[in-house]
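Residue numbers (the working numbering), protein chains in the order written: chain G, 1 to 160; chain A, 1001 to 1160.
Don't take each hint at face value.
In silico DSBU-like cross-links for lysine-lysine, where the CA-CA straight-line distance does not exceed 30 Å [what the hints assert, rightly or not]: (1) A:K1140 with G:K101; (2) G:K118 with G:K98; (3) A:K1026 with G:K26; (4) G:K101 with A:K1118; (5) A:K1098 with G:K2; (6) A:K1118 with A:K1002; (7) G:K26 with G:K2; (8) A:K1118 with G:K118; (9) G:K2 with G:K98; (10) G:K2 with A:K1118; (11) A:K1101 with A:K1026; (12) A:K1026 with G:K140; (13) A:K1140 with G:K26; (14) G:K140 with G:K98; (15) A:K1118 with G:K98; (16) A:K1140 with A:K1098; (17) G:K26 with G:K118; (18) A:K1101 with A:K1140; (19) G:K140 with G:K26; (20) G:K118 with A:K1101; (21) A:K1101 with G:K98; (22) G:K2 with G:K101; (23) A:K1098 with G:K98; (24) G:K26 with G:K101; (25) A:K1026 with A:K1098; (26) A:K1098 with A:K1118; (27) A:K1101 with A:K1002; (28) A:K1140 with A:K1026; (29) A:K1140 with G:K118; (30) A:K1140 with G:K2.
If you're looking for bench data, these hints aren't it; they were derived computationally from the structure. Note that the structure is a prediction, hence the values are computed from the model and not measured.
2 protein chains.
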Amino acid sequence: MKYFDEIQIGDTYALGRHTFTADDIKAFARRFDPQLFHLDEDAAAASHFGALCASGWHTAAIWMRLYVDHRRGMIEAARAAGLPVPALGPAVGFRDLKWIKPVYVGDTIEYTSVVTDKRLSNSRPGSGLLTITSTGINQKGEPVISFISTTFAERRGEPG
Amino acid sequence: MKYFDEIQIGDTYALGRHTFTADDIKAFARRFDPQLFHLDEDAAAASHFGALCASGWHTAAIWMRLYVDHRRGMIEAARAAGLPVPALGPAVGFRDLKWIKPVYVGDTIEYTSVVTDKRLSNSRPGSGLLTITSTGINQKGEPVISFISTTFAERRGEPG
């Protein structure tokens, strides 16, 4: 795993894929976004979406899950190899969150996060700030979600 | 309910309050954001947050739920009064999503959405676009989340 100092613009994290099922879409919607086009096939067919589709927040939350799992895998691999585990996070916010196309039942979304900028932090001298651009792309190659996040990343300490 | 034409900058929607319980925080985190400071009190106490706190996506998803419930209430009231129900949505995206402070167990967040801009839509002549600024404020009066969304709103048709 890399410290802030070694992370380069263009570094890419392939977070993996997730297939959205009708049950998952409805379960999320019942709790957090109970609009009919996320809950009921017939109502969705009559809506501007044309078919049951996932809440945009669901699509975003799955990114978070895959991101956490991906990072956990990296941490475990680093620990197993006896390597340091630089701190990453917390995220300070997100911008330009766009739901570009609906995510329908059965769609498989592939999530990728790319480091698109880096700078030192004024408020935390031991950290830098990474700008990360994340996208989800469906099985047809169409982007369905994109957003930009900013997160703290630990700097390599000065040699003792 | 108002058509786009009658909605004014400054129109405010009081969406109500939500209290975050430890069970809810952990259930969301297990599914979507399994970081230890969202899952385990002891690990959270040792983290930079200092105590168990909600995933930022959870805080955002609760806004969505309250927003949908609020709108549903307005729709039902309009229908009961025999008034028209102008279409609103879909949202086309969010920007400047900021998690300003952690949301801890027992915190009660009050959510408010304010229309902060409006303009006609080029792509949908029958709609306008609303810019809506939403905030969540805890029981101490501290903002914990804010973001800006853009959503379509139906225009009043020309009289027939």
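We went through each hint and held it up to the structure:
1. A:K1140 with G:K101: Violated. A:K1140 to G:K101 sits at ~39 Å, over the 30 Å cutoff.
2. G:K118 with G:K98: holds, 22 Å
3. A:K1026 with G:K26: Judged against 30 Å, a Cα distance of about 20 Å means the pair holds.
4. G:K101 with A:K1118: Holds: G:K101 and A:K1118 sit about 23 Å apart, inside 30 Å.
5. A:K1098 with G:K2: holds, 26 Å
6. A:K1118 with A:K1002: Measuring from Cα to Cα gives roughly 13 Å; hence the hint holds.
7. G:K26 with G:K2: violated, 39 Å
8. A:K1118 with G:K118: violated, 34 Å
9. G:K2 with G:K98: holds, 29 Å
10. G:K2 with A:K1118: violated, 44 Å
11. A:K1101 with A:K1026: Satisfied, since the Cα-Cα distance of roughly 18 Å is no more than 30 Å.
12. A:K1026 with G:K140: Not OK: A:K1026 and G:K140 at ~35 Å, beyond 30 Å, violated.
13. A:K1140 with G:K26: violated, 35 Å
14. G:K140 with G:K98: OK: G:K140 and G:K98 at ~18 Å, within 30 Å.
15. A:K1118 with G:K98: holds, 19 Å
16. A:K1140 with A:K1098: holds, 18 Å
17. G:K26 with G:K118: violated, 38 Å
18. A:K1101 with A:K1140: Between A:K1101 and A:K1140 the Cα gap is close to 12 Å, so the pair holds against 30 Å.
19. G:K140 with G:K26: Answer holds: G:K140 to G:K26 is near 23 Å, not above 30 Å.
20. G:K118 with A:K1101: holds, 23 Å
21. A:K1101 with G:K98: With a Cα-Cα distance of about 24 Å, the restraint between A:K1101 and G:K98 holds, given a limit of 30 Å.
22. G:K2 with G:K101: violated, 34 Å
23. A:K1098 with G:K98: Between A:K1098 and G:K98 the Cα gap is close to 15 Å, so the pair holds against 30 Å.
24. G:K26 with G:K101: At roughly 18 Å apart (the allowed maximum being 30 Å), G:K101 and G:K26 satisfy the hint.
25. A:K1026 with A:K1098: Distance ~21 Å between A:K1026 and A:K1098 Cα, so the pair holds.
26. A:K1098 with A:K1118: The given pair, whose Cα atoms are some 22 Å apart, holds under the 30 Å limit.
27. A:K1101 with A:K1002: violated, 34 Å
28. A:K1140 with A:K1026: holds, 23 Å
29. A:K1140 with G:K118: Answer violated: A:K1140 to G:K118 is near 34 Å, above 30 Å.
30. A:K1140 with G:K2: This hinted pair is violated, its Cα atoms lying about 39 Å apart.
Hint compliance for this structure: hints 1, 7, 8, 10, 12, 13, 17, 22, 27, 29, 30 are not met, and every other hint is.
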